[in-house]
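Enquirer: Can you build the whole structure from these sequences, using the hints too?
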Amino acid sequence: MSEHQRETDAVSGVETTGHEWDGIRELDNPLPRWWLWVFWACVLFSIGYWVAMPAWPGISGYTQGLLGKSDRQEVAQALADLKTQRGINGAKLRDATLQQIESDPALQAYALSVGQSAFGDNCATCHGPGGAGAKGYPNLRDDVWLWGGNLEDIATTLRHGIRSGDPAARVSQMPAFGRDGMLDARQVSDVTEYVVALSGRPADRAAVGRATQLYADQCSSCHGPAGKGDQAVGAPDLTDAEWLYGSDRAAISGQIHNGRGGVMPAWGQRFDPETIKAIAVYIHANSGQ
Amino acid sequence: MTVVIDRTSPTNPAPQGQGPVSAAASARKKAGGGGGLYKARTPIYPKLVHGRWRMIKWALLILTLAVYYIVPWLRWERPGALPDQAVLVDFTGRRFYFFFIQLWPQEVYFITGLLVMAALALFLTTALFGRLWCGYACPQTVWTDLFIAVERLFEGDRNARMKLDASPMSFDKLWRKTGKHLVWLGISFGTGGAWIFYFHDAPTLIRDFWIGQGPATAYISCAVLTATTYTFAGTMREQVCTYMCPWPRIQGAMLDKHSLQVTYRRDRGEPRGPHKKNQSWEGRGDCVDCNQCVVVCPMGIDIRDGAQLECINCGLCIDACDEIMQRVGRPKGLISYDTDHAVASRETGEHKGLYRFIRSRTVFYAVALSLISGVMIWGLTHRTSIDLHALRDRNPTFVRLHDGSIRNGYTLKITNRGFEPRTYRVTAEGLPGALLKTPGEDASRGALSVVVQPDEVRAVRVFVTLKGEAITAPNLPMRFKAEAAGESVTVRSIFLSGEANAR
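From first to last, the protein sequence lines are chains U and P.
First residue of the first sequence: 1, per the working numbering; consecutive thereafter.
First residue of the second sequence: 1, per the working numbering; consecutive thereafter.
Among the hints, a few may not be true.
SDA-like mimics (lysine to any residue), calculated; alpha carbons at most 20 Å apart, straight line [unchecked claim]:
no., chain 1, residue 1, chain 2, residue 2
1, U, LYS135, P, ALA500
2, U, LYS228, P, GLY404
3, P, LYS467, U, GLN289
No lab work stands behind these hints, which were simulated from the structure alone.
Note that this is a predicted model, so its numbers are computed, not measured.
Expert: Structure, rendered in structure tokens:
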């Protein structure tokens, strides 16, 4: 390429560069001078840019630039702006009742998005990212509630927690009938059969008969004579298909023997009232209530 | 046209000194060998010409500039808080308004369709009539024409301008040059200034602009367009077409020997030469070599060299030549809109079937253009003002209720592109007995009513519950339907219940 015959193209009268591809040769046309000016203008611009903007790294820092641009400051500013904006919307949440929030489309949309992010950061650990729960952690998406599923009930549970140590916490205590010797193993087994029968499943009739008096004495004060439970004391309904700790006989007798109860923190101590309201609306809305 | 060195087939060599010549080649010739790495611009002093094509160019110049400056000031009543500007590209509100049409960003395909139509229309006109766009309608041509007119106003016509440039600096030269550049800057500023009104409410912006309260983008756009207008139309002119614009290269693919182009009729003009009065026209061509076609050319080329990349087909050389032909008593049209094929045919003595407008390429462009136009018109007339999208909850995929019913959660996005609030009736089709529930309403029902404010998208959580006995398969195809104001739209989705719950 470096040495080529100086050749002039017959048609255009322009010298060729000597580059040839399949008989097509490149003409050596000069660049227009303005193009050179554009090149120098770009060089000048880059020098101006170095002076005006953060550019060169040094040992312990970098050249800051005369315009004082800083991405960190811009992020801080954006966050501050966001906080202000949230303050405005937060005030609306604070002033409205839970029902008002849920029935106003704009407030509802805002509460749902705030609630979703707060739920994802704090509640999803136990209740799952979609709120579907797990063994021992209630499903928040269905229509079965231990402590009540209306907006106020949910907000109260959120604020004070369950067995959380908060003075107004929701507290109930299922006794450990077997472990504490209140019922012997045979009786636990009979009551298990009784509970299985309550939920409409086939059970040992003789055992159910033996347990009828036991249930009335020991269980019905909380779970009710018909086993429908009581949301005032957080006693689960034993007649439905929902089982927090499992539905088979082993799981039921285990619960009668040990009397487990979960703990939920009192979020009122950690969140501002607006966030509590937003989470309550989020949970209530997504439970389809 | 692009110069290709083809040594495989010897073609008819152009007469000596008459082959197509690139600007760079002629610059080198003038520079006298060697050339150098960079080529300075050779100044061009186009002479004022009168005639039919010049008149058409003036008329189009006034029309296009009038459209450009007036359109942002047209008003168009729209209900509510919507802008009343007829043509507005509203970036902050993310809407495009064009008289009765209002487009959302997701309807950008209408803009795409419009661009495809514009491209095809350009292809078709180029294949038929050559570079009409370049010669008459391109902003570069229009503004350059305007700037040359201003130049002529201050510095006089071609000869006066050449003399002025060659003369040493004097008070006369100084004020003429200063005046010209000031007016150029004024026009440039007006150009950049008009552009920004397409993006904001014009009456508001013009006030804000002058008191320094306008948005930064307005000042930046105005400054950039002022600079480019001044540079491109004032100092760069033909170099923009020759070096910067891709279209002269692309249009080579649209043109063929049947395309009308500004053409020197070689068959009639050659052999050329000066002509004395009363001399016979026998045995010679009509071209008197007066060079008028060259001096009026804004691109600085000689049309007698044939079709070339630099030629924008503005037709000014036609006017110049016609004037001379009239003066020497020969018929007009030595230079005229003609085709390469017609010229070549006449040279060989053929005079029939010279022009072919219906060719496979023009038919193809026309059919493609009609198809796209048809699709666009159908799309615009069948456009609904509702959009509906359904996003199924993925976690949990379904929820079992205490009575064995199954509930699925969805987020419906309902768009109201209308101008008044609408209440949409939302139903789930394909799920008999399904109950719908949305937060904020007490009861589950077969249909929901959702109010969407005008010009808004509303995301609504919708829960669909199906009784256990209605669940016949683990997944049931279904459709959401939203209807209001005589319009309805459906979207497909699915109802999942898991293997264990299906009967």
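Enquirer: Hint by hint, say whether it matches the structure.
Expert: To see whether the hints hold, each was checked on the structure:
| no. | hint | in the structure |
| --- | --- | --- |
| 1 | LYS135(U) with ALA500(P) | 18 Å, holds |
| 2 | LYS228(U) with GLY404(P) | 16 Å, holds |
| 3 | LYS467(P) with GLN289(U) | 16 Å, holds |
Of the numbered hints listed earlier, not one is contradicted by the structure.
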